[in-house]
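First to last, the sequence lines map onto chains A and B.
According to this note's numbering, the first sequence is numbered sequentially starting from 1.
According to this note's numbering, the second sequence is numbered sequentially starting from 1.
Since the hints were derived computationally from the structure, they do not count as laboratory data.
All residues carry an ideal CB built from backbone N, CA and C; glycine is no exception.
Among these hints, one or two may not hold up.
Label pairs and their calculated CB-CB ranges [as the list claims (entries may be wrong)]:
hint, chain 1, residue 1, chain 2, residue 2, range
1, B, Phe50, A, Glu205, 48 to 58 Å
2, A, Ser185, B, His177, 26 to 36 Å
3, A, Gly231, B, Arg95, 51 to 61 Å
4, A, Arg220, B, Asp63, 32 to 42 Å
5, A, Glu178, B, Tyr55, 49 to 59 Å
6, A, Arg239, B, Phe50, 43 to 53 Å
7, A, Ser185, B, Ser64, 44 to 54 Å
8, B, Pro65, A, Lys67, 45 to 55 Å
9, A, Asn213, B, Lys93, 47 to 57 Å
10, B, His177, A, Asn117, 29 to 39 Å
11, B, Arg95, A, His123, 45 to 55 Å
12, B, His177, A, Gly131, 28 to 38 Å
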Amino acid sequence: MRQQQWHKAPDIRGFFIFEAGVSAKMGKVDERAGRNGTFPRLMSFHSGFVTNFIMMYSLYFQTFNTKVALTGEEQEVIKHYLTVKKLRRKQYLLQEEDVCKMVAFVEKGALRSYKLNEDGSEHIVQFALEGAFMTDLYSFLTNEPSIYNIDAIEDSELVLITKSASDELRMLSPKYQEFIFQATSEAYIQLERRITYTISLSLDERYKQLVANYPDIIQRVPQHMIASYMGLTPETLSRVRKRISFNK
Amino acid sequence: MPSSSFVSQAKEMNTKQVVAVVGASERIGSAMATAISKGNYRVLLQSENFEKVQYIVNEIRRDSPGSDVEAVPYAMEACWEADIIILAISYAKQRKVAEEISQVVNQKIVISIAIPVSDAPTVLLTSPYFSAVEELQAMLPHSKVIKVLSCPFTNGLNEPGMDAQRLDFLIAGNDEHARQSVCDLVKDAGFNPVIVGNLAAGRTLPTITSLLHTGNKNN
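Assemble the whole structure, with the sequences as input and the hints as a guide.
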């Protein structure tokens with residue numbers, strides 16, 4: 001059934017998706033700027049609904065295309081397996097003890113994953129801003145209950161793929177397989193770096209490294225969450241920041 | 001042959017699922033929204049009559065203060081945020097609503113709880129060989145469409161003295177996991193789920209319920 005969709009002529013919305021995909025490949029599309037009129041022709045001819053629709057997947061496919069180039073038709077087929085979802089600030093995508101059944105990609109907004117201790121303290125494992133993936137990979141792969149919570153720290157727009165859709169798509173599309181491999185490899189490298197910096201650098205060096213590599217996170221995420229991410233109390237982080245600004 | 005099966009208690013999820021009820025100002029829609037809001041769900045109520053859904057939302061909040069309910073003006077917005085969509089709309093509006101929400105319901109569960117009858121209740125609007133819900137599945141090919149029908153008297157939902165526990169909800173759909181999720185939802189809403197099989201097996205449901213409705217009115 002689904003394979004027939006490869007040959008299905010896209011409707012008018014499909015055409016614009018195709019166009020957006022091509023532009024994205026050429027690196028011309030800033031999906032955030034898109035809201036302010038990157039597609040003036042489209043904006044003037046169509047309702048906000050169509051524009052919104054393109055925005056729902058634009059960063060996902062832009063990211064996809066920078067790793068593995070897709071044709072417009074391939075994009076259309078992959079789109080059918082993806083779920084778009086809005087998540088309001090402070091709402092959960094996953095709560096501990098549930099099985100994580102999807103991988104989320106952040107189109108807009110910000111997510112965090114954290115472990116909750118018995119005393120109620122939060123330990124942030126990961127942030128995901130625009131263009132980043134978020135999941136509990138262990139739970140996703142093994143079907144075991146998760147030990148993490150994932151929630152939104154800003155109103156967010158997500159592209160989700162469920163385990164079953166992902167499995168089906170991997171069988172169908174070698175390009176999707178390659179994309180997943182690359183994205184997982186990147187996540188692995190990031191984790192490896194995080195562990196290395198945590199065990200080998202001084203506090204000040206770790207914070208500087210965070211500022212240099214993830215300036216967006218530092219700007220958008222509250223300080224107490226940065227402290228939690230670094231495994232510090234907010235007071236300690238505050239002292240580190242003062243020391244760094246003093247030594248500049 | 002479709003086989004009936006009563007579903008065992010599933011493990012409760014911690015993560016709150018979001019349910020959008022499109023057509024929540026209608027009787028069956030508001031009854032479903034009210035029932036579901038008692039479970040661990042965030043419920044978004046949508047209807048063309050926005051004032052009426054706001055009124056219903058306020059009523060639900062007043063009656064169960066802990067509930068997470070919200071009125072949303074547009075079907076597309078509500079369905080974008082939702083994990084599960086309930087269409088409590090008449091057959092006449094089905095195509096229009098399906099078009100409106102088609103881009104935000106990929107891979108999501110879409111539940112149809114309307115019965116495709118005209119004003120004369122015994123006249124079904126669809127061909128017996130291709131039910132309204134199969135039309136809906138064809139319009140939303142990447143969604144998991146599930147037919148849910150209360151049996152025997154949907155009209156009894158709002159009536160005082162009606163024992164909600166006694167109501168069976170018949171569930172038909174092609175995706176097994178989706179059917180199971182809807183079973184959990186129906187159970188959380190306080191009703192008794194009965195799986196009858198795939199959508200084709202569900203074809204006979206509107207005919208039966210239509211007759212039961214007629215019987216209900218005549219009594």
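Against the structure, the hints come out as follows:
no., hint, result
1, Phe50(B) / Glu205(A): 48 to 58 Å, "holds, 55 Å"
2, Ser185(A) / His177(B): 26 to 36 Å, "holds, 30 Å"
3, Gly231(A) / Arg95(B): 51 to 61 Å, "holds, 55 Å"
4, Arg220(A) / Asp63(B): 32 to 42 Å, "holds, 39 Å"
5, Glu178(A) / Tyr55(B): 49 to 59 Å, "holds, 52 Å"
6, Arg239(A) / Phe50(B): 43 to 53 Å, "holds, 52 Å"
7, Ser185(A) / Ser64(B): 44 to 54 Å, "holds, 48 Å"
8, Pro65(B) / Lys67(A): 45 to 55 Å, "holds, 48 Å"
9, Asn213(A) / Lys93(B): 47 to 57 Å, "holds, 51 Å"
10, His177(B) / Asn117(A): 29 to 39 Å, "holds, 33 Å"
11, Arg95(B) / His123(A): 45 to 55 Å, "holds, 50 Å"
12, His177(B) / Gly131(A): 28 to 38 Å, "holds, 30 Å"
Violated hints for the displayed structure: none, as all numbered hints are satisfied.
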